[in-house]
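Engineer: Below are the chains, spelled out letter by letter.
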Amino acid sequence: MTKVLIVDDMPGIASLLAKNVAAQGYEPLVAHDGFEALRLAAAEQPDAILLDVMMPGIDGLEVLRRLKADERLEPIPVILVTARQEADDVVAGLDAGAHDYVVKPFQAAVLTARLRSALRVRDAQDAVIRVNEQLRAEIEERKRMETELAQAQKLESIGRLAAGIAHEINTPIQYIADNARFLEDALDELHAVFRAVDRLLAAESDGPLPHVSLAGLRKAWRDADVGYLIEEGPRAVRQSLEGVEQVSTIVRAMKQFSHQGGDRKQPVHLNHAVENVLTVCRNQWKHVAEVQTALADDLPRVPCLPCELNQAVLNVVVNAAQAIAEVVEERPGEKGTITVETRRNGDWAEIRVTDTGPGIPEEIRSRVFDHFFTTKGVGKGTGQGLAITRAIVVDKHGGSIDFETGPGRGTCFILRLPLAGASARECEVGRGALPAGAPAACAETTSPVGPCETY
Amino acid sequence: MNHSVLLVDDDPNVLHGLVRVLRHQPYRIYTARSAEEAVQVVKARGVDVIVSDERMPGMSGSDLLAWVAENCPEVVRIVLTGHPTAETAIRAINEGTVYRFFTKPCRPAELAVAIRRALEFKLQLVFPQPEG
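Line order of the protein sequences matches chains A and R. Numbering follows the working numbering, with no gaps: position 283 of the first sequence is 283. Numbering follows the working numbering, with no gaps: position 41 of the second sequence is 41.
For the record, the hints were derived by calculation from the structure and aren't laboratory data. Nothing false has been slipped in among the hints.
Partial list, derived from the structure: chain R residues whose beta carbon lies under 7 Å from chain A:
no.	residue
1	N13
2	V14
3	R20
4	R55
5	P57
6	H83
7	P108
Label pairs and their computed distance ranges (CB to CB):
no.	chain 1	residue 1	chain 2	residue 2	range
8	A	E184	R	C72	34 to 42 Å
9	R	C72	A	A215	42 to 50 Å
10	A	E141	R	C72	52 to 60 Å
11	R	E74	A	S366	50 to 58 Å
12	R	K43	A	N345	50 to 58 Å
13	A	E329	R	K43	22 to 30 Å
Derived lysine to aspartate or glutamate pairs resembling EDC-like cross-links, with alpha carbons at most 20 Å apart:
no.	chain 1	residue 1	chain 2	residue 2
14	A	K335	R	E37
15	A	K335	R	E36
16	A	K286	R	D63
17	R	K43	R	D63
18	A	K286	R	D11
19	A	K154	A	D263
20	A	K286	R	E37
Backbone N, C-alpha and C fix where the C-beta goes; we use that ideal spot for every residue, glycine too.
Bound-form chain A, shown alone (with noise of 0.2 Å):
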């Protein structure tokens, strides 16, 4: 049931009122005093206060401060009761707080429309507050399953990677072996020729050699087939330094690539990142693709999150990969072809990594950063690649991400880090604003993402 707290030190006007609150099918509660009246609204928490502003002891003003300060009644909505010549207090009281005022004598069925309307105003009031708390906790809850997803994504990444590291090791580990089984038994066949020879110049320091004795070499060069062995032995050991080198920079990249850098920006060689990405998920392109770069010379070292700003690249790599295989499938025995460029463009950097594959259809374009959304096949893609390569370029770098796309000719993704002075940015960043001077760039792309959704 309502309660209506009533504050008036004249009992004839407090019951007075008790009375036409009680009417309306409202639990009156009577106080006499200021005091009594914070003690009664503390315990009972009523639904609206009627409060008399001439009082001795504390005045209704002052009663009205507190409540306003105490966190659990300052909700309550406070209608003041004056006298008419009272019309400062009045002014004070709405400033301090109060809902509403009625002017003594004042008429019943007034009061009553606007405690009513002081109830409707609270109800009101509570529900954006609980509509408020659901967002609140629907977004927390939002902002709770993107970090585990990015931590999914990055997981799941990095399980892609390592199968596809492990198959870039194990296949030179497999001739790296064979060759040297096959060196190991090419020394040992070649040993019965070298004690043939050995036997050979023992003989001759005795004096001219015996017809038989290079029979025995002739066999042994014939069992050993050395013509064979001449011509594979250094080929082996070539293309098992090849092999060993190959393993070399995977390990090296893999080891750079998941460099843990902290939460703290450094400067990095974009170059050096990006070639790294290509070596550790080369796996991923190479059956689909080749791979073309164009790294400029001349770019500073761009503040970065190391471990952060690889994942984002390898997203887009490994995206672009994804793409051409779609083509590729369909025409067999042909590669795509995806272009990894760096340059600089004034005080920023830029990754463009383009690919020959189907070109983004006109209508997901505006889908491509969202949180799911994938057009692989269930279990072949989170949908999470691009949304947080966006995260990291946007909001954690305070770059931008687009891309030119159009049926047929591929897409290409362009990533922009600030070269400078990202620090002094940062706070913008974190709420998605583009520093001044970033590139006009999304006027010339056909996507409408990008820069431009954080104007």
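Add chain R to chain A, keeping to what the hints say.
Structural biologist: Here is chain R on its own, set in the frame of chain A:
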């Protein structure tokens, strides 16, 4: 005995290495750098055993072995992959009905023994041994 074995891998170094370690084996060795090339060799030469990598540009190893199982079932099929996944293993078994499944790195002796067994297996298939 005029057997032949076809090795398929997109990495030429793997093919060279395998040819070197299998050089004393009593069969002729062909190599192919892709599944498409392998199909041509199988059609043109009619090999006894095929050993294929899984991941190659263009047609995959499991597609190749599925094609062989369908079109030249007498060719015994072996997988040698550096990237074994449950999916490829299942496809190799169900669609390629493979005889053996190896992962890289694989010891040459094991592969050599498997190829020998595959050749014997093939003889049994073509000329069943009389009972007793």
